[in-house]
Structures are given as C-alpha cells and as structure tokens.
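Below are the chains, spelled out letter by letter.
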Amino acid sequence: MINVAIIDYKMGNLFSVFHACENVGLNPKISSDPKILKESDAAILPGVGAFGEAMETLEKLDLIKPIKEYIDTGKSFMGICLGFQLLFSESEEFGLHKGLGIFEGMVKKFSITSINGGNVKIPQIGWNQIYNYGNSWELSPLVGIDEGEYMYFVHSYYVEPVDDKIKMTKTIYECFEYCSSINKGNVFATQFHPEKSAKEGLKIYKNWARQINNRG
Amino acid sequence: MNHRIIARLDIKGPNLVKGIHLEGLRVLGKPEKFARYYYEMGADELYFQDVVASLYNRNSLHDIISKTAKEIFIPLTVGGGLRTIDDIKMVLRAGADKVSLNTAAIKNPELVRDASHRFGSSTIVVAIEAIKQDDHTYLAYTDNGREYTGIEVVKWAKQVEELGAGEICLTSVDNEGTGIGYDYELIRMVATSVSIPVIAHGGAGSPKDIKRVISESKVDAVAVASILHYGLLSCLNDENFNTEEGNIEFLKNGNQFTKITPTTIDEIKNYLYDNKITCRYKK
Amino acid sequence: MAQQLEVKYGLPSEVKFCKKCVMSNQRPASSIEFKHTISSKKVTIHFDEYGICDACRQTEEKEKINWEKREEKLFKLLDKYRRNDGYYDCLVPGSGGKDSGYQAHILKYKYGMHPLTCTWPPILYTDYGYKNFKNWLDVGGFDNITFNQNGKVMRLLTKLSIENLLHPFQTFILGQKNLAPKIALKYGIPLIFYGENEAEYGNPIADNSTSLRDKSFYSMININEIYLGGVSIKELQEKYKISLADLLAFLPADYKELEKSNIEVHYLGYYLKWTPQESYYYSVANTGFKARPFRTQGTYSKYNSIDDKIDDLHYYTTFIKFGIGRATYDASQEIRNKHLTREEGQALVKRFDGEFPDKYFNEIMEYLDINPDKFFELCDQFRSPHLWAKVNNKWKLRHTVNNDGVDD
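Chains as they are written, first to last, in this note's numbering: chain A, 1 to 216; chain B, 217 to 499; chain C, 500 to 907.
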C-alpha cells in the first residue's frame, strides 16, 4: 500500500487528484499536517489560484520547510498547476513573490497579442497538446504518452525554467510556446491537470505510481 | 486554441431531462449513464445543470456529482440553485471542478467577486440566460429562463468579467432545444466584448451549427445537449427507464425529430476537424 | 372553529385537499356557462372516501385503458368521415396553442384527415400568442376561420361578467364552446374534434363513458333560460340596449338545426393518450409554437394558455373565489401525469399561487373601463368567509395545501 500525501493548503479542489490516485491503486490522504507528509511514500502539491496567496498560506501552515525537506529525501513528488509554479524561484503575479525555489526560473503572465485580430482569452482554459523538448520522457511519468497528446490546462501564468535539461514538454497557446512540465530526479511537475485529462492523464498517474514502486 | 465540446446534462432529481426554451421536463434517462458515455466518447468537459433547484429552493445533485467525480476524469461544471459560498463549497467538495452561477449572481453580484476570490476565478462560471425582446435587445433572465430582470446582456457580461468570473456560459433561451441553430449575433456580441472564455449554449441542430458558431461568433467552447442526448438515446436499451417520476411519455413512445440531427461527439469533432476548426481530436 | 362561517356559492364548507394531487374540493366542475348567474350553486369536484379527487381517479383509470384498441376506434371513425374530394372532413377548434397545435397537426399529417380549424380569438391577444396562432397556420399548414367578435359587445359582456360574477372569462368560454358547432353547420362538416375530455380535470366521470359531448352544453332550447355575464337576455336587451342580433354570436347553435344535422363531437383525448407536456414538445417541433418568454404570473409554467392577457386575471379570480390559483391547476395536472411529486407541487403552490398578475392588469382595466379600485372591492365581495380571513389588514387563506393557512 503506497501512501500518498496530497498537500492541502486550501487552494483549489483536491478531490479529482484524490480520485485519480485511488483509481490507480494508490492510497491518498488529503492533509496539511507536516507529519503526515513526512511519513508518506509519495506526495503531491496541487493547487489553483494566486501564487502570492499560496506562498503565504504555506508559510502560515508551516509547510515550506517540510516540503523542501521532503523533496530532499528523494521520495516521489508531483506538482500540479499552481503546485508546479510554486517550485520555482519567483512569480510576478500581483507583485513579486518568492516561490519554494526548488528550481530556478520565473513565473510570468501570458501576454500574447493576437495575430488574427480576435481577443486572446486569458486564462487558457481547455485542452492543449504536449510536445517533446528533446529530453527523453523514458524515466518520467510521461513514458508511453504520445507526442502531441492532449492535456487539460487552466492557467494565466506560465513558467520559464532556467535549466533546459529538466524541461519535458512544451505547449503552444495562440502561437506562444512555453514549458508545460518538468522532471528531475524525484520531482515531476506539470502545468496541466493530469487528473482532468481523461484516460491519457490517468496513464500519467499510473506511470507515476509505478515509478514510486520502483524507487523504493 | 482548441475549442471545447462540452456535454450539458439538465438534471431533475434522478433523471436526465430535456426541455425546449428551458421549459418542459421530458425524461430521457439516467444522467450517470449518459455522462459516462460522453466521457468515453471524447467529450472535453461535462456540465450538470439542476433545472429545478431555483424553483424548489433545493440542492440535490451531490450524489451524482460524487459518483461522476470518482469515475470520470474530465472537468465537471455544476450549476443550478447555488446561492451562497457554502453551497459552492459543498458542490466542489462533492467533486465538481467548476460551479455555474446565474440567479444568485444577478441578485447579488458581489457573490461572484467573493467566490472568485475564495475559490479562484477559473472555478467560477457565470451563466447568462438571454431572451430577445421585442425591440431586439437581449435581456438576462433567472430561474431557468423564467424571471425577468431587465438587465441587458452585454452590460452584464462585462460586469461579470470585472467581478472576476473565469468563464461565461451564454444560453439563448429562444433557440434552446429547438435545433434551429444558435443565435449567432447575440453570441458574437458577447464573445467579442469580454476577454474571458465564452461558452455558447442553445440551439445546435447539427455539427454545421457548431462550426458556424465557433468561426462566426468567436466562441471558445460550445455546450450541447439535445443533439447528443437524442443521438445517444437511439443506442441505449430499455433499462434506461426510471418509472417513478417524470414525463417519460417520450421514452415510451419514441418520436420523430424535425430540426435536430442526432449526432455523436466524434461526428462533431470530425466535422470541425475537416473544416479547420481546432479541437481536441486525433484523426 | 366556534363561529359558523358563511359559505358562498354552495361550496363545501370544509376545505379538503386531494391526497394525491394538490387540488382542493372547492374546485367547480364545468358549469353550463349560459345559465350562470350569481346565485348559481356550484357543483364541485368530488373526493372519494380515501380523500382522492375524481380527476386523480380518472387518471388511474386511464392507466388501464388499452390505447391500441382506442386508436383502432379512431381509425374506424376517421375512415368513416375522411373525404378525398377536396372538402373538409373535420373541424378542429383552437387557438394555435400547444393543444390545438398537436390536434390539428396529428389529424392532418398522421391520420390523413382534412381539417378546417376555427378560432374564437382571445379577448386581448398577447403578441407571442398571436405569433403562435399565425405559426399554427403558416408553419403547421391549415385553413382557418376566425370569428372576430363585435368588440363593443364583447367588452360590455366581459365587464358585466366581472362585475356580476367576478369571472372575466365567461364570455370567452361561451364563444369557445359555441363556435365550432355553428361553423360545422355552415360548412357542412359532420365531425368536430376537441382535445381532452373535461373529466380529465374533474368533471363527473359519467361524462367519459361515451366520447360524445353532452348536447346540453351547446344546444339552446329556450332563449329565456339564457344569461350572459350574469344578466338575462331580456335585461341585456332592455337595460343595455343590445339587440338579439348582437348577442347571437355568444349563444349556442339552434337545437333544432343541430338535431337535423348529423354533427358529432369527439374528444381526441378519448382515442389518444393525452400528455399536455408532450403536446408542447410536439407543437414546438411541428407548428412553430413558442413558450412565453417569461414565467406566467401565478404559476411556474410558460406554455399553458398564454395568448389572452385576461387569462392571468381569470386565474386570479379563481384564487379569490375558490382559493385555487393557477399554480394549483398546473401542478395538479402535472402530478397526475407523474411529472411532479406532490411535495414539488406543494412547493410550487406555496411559491406562486395567487401571485397578482400585474403585467397586464392596468391595460385590462382600461380596456373594460373598470376602476382598478372597484375591481379590488369586487374581489373582497366575492371572497367566501369560509375560505378567507383578514390578518393584519391582509387577506390570507384559512386553509392551504401546505397546512400553513390561518386556521390550519
């Protein structure tokens, strides 16, 4: 039985993540208790909402240090959407905010001017395709996923990772290309929501679950 | 961008229902069953609307939301009778990803601001039910197309965006359920006046209409009901019946269609693909 | 209650609600309109010993009907009357609402008949109601005779109906019932089709055993027995200076002429299972019917009887006289059709019954030349004390289906 801690910092609906974990045979628990995080075999940092508010809440709940320590242990860690963005150094959402700084990089707002004269809708809400950056997906939960597969996105901000080697997928929104997922060692994080991406998204959870197994 | 095809299910109690002009509660079957089929067949999202919640002042979709959330892994929007922050919380907790507000939003616009702030803009959809007036203006109605508010639709849409809503679902009550096509003018007016995504709802009779509303009226997504439900109905077997409650005469007798061409999600997306409308589709 | 409360109109003194639907026992059965005066005692809907009303019982009986056999009967009847020489073979009275939309269309296109439609137009057309009427003919495809009433007389009779009977619709009902046989006589059409049988809604079950309408409803034997707007023909002629010629349009066809003819009146609802909500769907799909673009005041629905502005006021007066508003009528019918549960019906009654129809009220008062205050005075006069009590200067029902009346 693999215990997965889904970190609850009051931002967004965690139930889809919970159900997706259950669906692939994991034993998920939603909690803001650092002890539970520490004791789990794997952890997920989900979230939807504003970067600054998220960091403040994480601080208030005394979760920042526990998360960093957890990642240091080498146990599997997945960040989703806001959880993906928080892993980076800094965001410009509603002023400048420091993130967890696990990876170097900025979080910026989409500022796309339309080519064909229509409105560019922000946030991006809907399905979009993921493509390879040239780094192998083999050791990540993306193994076996088709190039160009569709995933579900909801976001107004995107991440610019400094290290090119960790970039897994790129996505194009209104002709603008950005990084939609990263993988390094035990940390896998996606801008999109695999738990909202139908069967292919569930595959990602399945792969992630299998890789937890292999790890330890 | 990839235009979304959202399967919309109007629900009353245990039944999937389908009206015309948001009126009439003809029973078509079990919503869980239809939802599951649409998920399997490639729907981009699901939208559950409790059509009598405002009428009876009750919220009763929690069971089907939970059931759906456990097995269906695409976004689920839930609307109907959500009046307070607590109502929204309950529905999200039951498993919904987004909530749709209409009556409560018009009565108390600050609720939209409050909810967007608390739950995130992208969680809040505001539904606008538009009815064309004699002077050709469009006004917003509440309570499933029943109550007059006097509020002009474009003005309200802009206000909704300012209040922080993530999306707008625009229903043309005049066209809804008839299969005569969308109200392209109305939808275009609203879609081009806001920079949040707009979902068109009401009137699709065939994939052609869907293509037209996307390319002409510049919407980002469509919510369809009649053409999918009547299409699926012809494939399902008899155990679909729920004989306890509701207008099941149609199910018992079967019927002819006039302007609605029953279709499938695949047919819709195939048609869009062939007509160069981007959507989530692999040929 | 210690004191004896006056009971008007010969209504049952104890107020009871059907255990299945939400109708009360104060509901009058259809009366013979042209004999209707202020002193008429109402025959009301019957409740059996289990507290269930006739209409609900009737619906139960309907479940046992072999509709295939009934349709066979219809085929036989239609085969007998169908003409293929270009002449009309049946007459469908209606207004282009959801019911006549369904009736006319199905007779013509499914059963191959050649109907003429006839219309006694509303006292005050709503514009969407008029559109529906036009679409009935233009989209559905029917010939139509509309008898446009003498507006001056119609106005006067409607006014008198309100003042004497608090029944704004009395004149409309007269025309509706009496027109078809007269048109049938003039055009030599031997078959008239109405929709539902009135027993569906609580008139004595005995009426249903044949599908022919009781001729007494529409035939006229002695003109001196006739009252219009609660006023005798004699008084209308002498006091109001209306000639007989002006009144004939409202009166039934001549009994002797009818006897000589072989006209038959049938209810389609006897032969085909009638679900009003399905008629709505059918009419939208086939005759261009469109529901009202807002909720009807006094109820929750949008597609029942929406072409006459006075209709809303009519239901308000039934609420005053019998404590029964439009939501009760609509909900009871839908409960019987199993579209609603009784609890839902109760909630709808609580929310909408008796809602004052202010949208067209002033226009109607102006049209009829009645002072609005006078109208409200009339309302108060017509309230039966056994139904109403004044609490904090507001009128409240003594008994409601939700058990929240003053005396409940």
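Because the hints were derived from the structure by calculation, they are not lab data. A couple of the hints might just be wrong.
[Claimed, not checked] Once the Cα atoms are required to be at most 30 Å apart in a straight line, the calculated DSSO-like pairs of lysine-lysine come out as: (1) B/K475 <-> C/K630; (2) B/K492 <-> A/K199; (3) B/K475 <-> C/K609; (4) A/K109 <-> A/K68; (5) A/K206 <-> B/K283; (6) B/K475 <-> A/K10.
Hints and how they fare:
no.: 1; hint: B/K475 <-> C/K630; verdict: holds (20 Å)
no.: 2; hint: B/K492 <-> A/K199; verdict: holds (25 Å)
no.: 3; hint: B/K475 <-> C/K609; verdict: holds (18 Å)
no.: 4; hint: A/K109 <-> A/K68; verdict: holds (25 Å)
no.: 5; hint: A/K206 <-> B/K283; verdict: holds (21 Å)
no.: 6; hint: B/K475 <-> A/K10; verdict: violated (47 Å)
Going through the hint list in order, the structure does not satisfy hint 6, though it satisfies all others.
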